[in-house]
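Listed in order, the protein sequences are those of chains A and B. The numbering used here runs 123 ahead of the 1-based position in the first sequence. The numbering used here runs 31 ahead of the 1-based position in the second sequence.
What the hints contain is simulated information worked out from the structure, not anything from laboratory work. Treat the hints with caution; some may be incorrect.
Said to hold, decoys possible - Partial pick of chain A residues on the chain B-facing surface, computed with a CB cut under 8 Å: (1) Ile139; (2) Pro142; (3) Glu143; (4) Gly144; (5) Ile147; (6) Leu191; (7) Asn194.
Please read these numbers as outputs of a predicted model, since none were measured by experiment. Glycine included, every Cβ here is placed at the ideal spot set by N, Cα and C.
Chain by chain, the residues run as shown.
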Amino acid sequence: MSEFELLAEIRHKSGIADPEGGTILRALPALGFEEISNVSVGKAIRFAVSAASASEAVAKGEELCKRLLANPVLESFKISVIS
Amino acid sequence: MATDVGVVVFPGTNCEFDVLEAIDASGANGHLLWHGNSFVPKYDSVILAGGFAHGDYLRPGAIARFSKIMEGISKFGADGGKIVGICNGFQVLTEAGLLPGALQKNRGLTFICEKVTLEVVSDKSCFTKVVSPGTVVTLPINHFSGNYTNENVDELEANGQVILKYCDNPNGSVNSIAGIRNDRGNIVGLMPHPERAISEITGGSDGLLFWKSLLKS
Chain A
124 MSEFELLAEI RHKSGIADPE GGTILRALPA LGFEEISNVS VGKAIRFAVS AASASEAVAK
184 GEELCKRLLA NPVLESFKIS VIS
Chain B
32 MATDVGVVVF PGTNCEFDVL EAIDASGANG HLLWHGNSFV PKYDSVILAG GFAHGDYLRP
92 GAIARFSKIM EGISKFGADG GKIVGICNGF QVLTEAGLLP GALQKNRGLT FICEKVTLEV
152 VSDKSCFTKV VSPGTVVTLP INHFSGNYTN ENVDELEANG QVILKYCDNP NGSVNSIAGI
212 RNDRGNIVGL MPHPERAISE ITGGSDGLLF WKSLLKS
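Please take these sequences and the hints and turn them into a complete structure.
Here it is, written out as structure tokens:
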């Protein structure tokens with residue numbers, strides 16, 4: 124068994140309002156960032172998983188997201204292996 | 032003999048005593064139920080009161096749904112027991128999958144604390160049983176994540192599961208939905224606080240209609 128460090132990125136699903144992202148986007152022109160678009164605010168959650176392989180660790184991370192870390196009505200998620 | 036009603040207390044729940052008072056004012060006996068205990072289904076109904084269960088960490092209701100008491104409450108609901116989630120309690124019921132949809136942050140990202148007018152649109156639920164559809168009531172709301180979201184909202188409306196709507200949508204909820212029921216009508220969730228509207232001297236008594244509905248057998 125090895126320990127894998129995973130990152131879960133949780134985002135609003137398309138069609139779900141993202142008022143934080145919208146507020147940041149509206150503030151950017153005042154700072155001169157005219158070229159920035161598509162700002163979205165979500166959550167990033169890091170955790171370690173003991174597993175036999177990276178794919179097994181990712182599968183465990185996906186199960187964790189489905190059952191707790193993300194609400195499937197509002198959010199989508201992506202798991203990446205950090206180390 | 033007076034009816035017994037359970038009121039669930041999670042760490043961070045803060046409306047349990049208002050709910051007890053509303054239950055008492057309606058002639059029933061309220062009992063506080065600690066979330067870490069097993070649920071013994073000897074009550075007529077169970078209320079999940081408002082507050083910030085488990086600090087609302089991760090998402091409102093996300094951690095509370097794993098509390099020990101929730102397993103017994105789910106079974107109680109499946110057996111036809113009456114369950115009402117108010118505000119944070121509504122969020123817990125959606126996270127637990129006992130009611131459809133989810134509550135996201137309010138449109139405009141503001142915490143809203145004010146009295147609102149609402150229309151009762153269905154009397155086919157345990158919490159609106161004695162209220163004629165079309166009745167307009169005034170109740171307080173007090174929430175940051177009350178923006179009801181459901182991609183199958185047309186189905187919810189067609190099934191008659193929407194029971195309460197805002198007259199002037201304060202938070203962006205789809206179809207101005209403020210309260211819903213499950214298919215059978217024995218499980219209800221709503222964002223407004225009927226327990227805070229039980230006396231004219233504290234601002235209104237429209238909330239009594241909901242408690243009378245709950246206690247009507």
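Return the numbers of the hints above that this structure violates; sort them in rising order. Of the numbered hints given earlier, those the structure breaks are 4, 5, listed in rising order.
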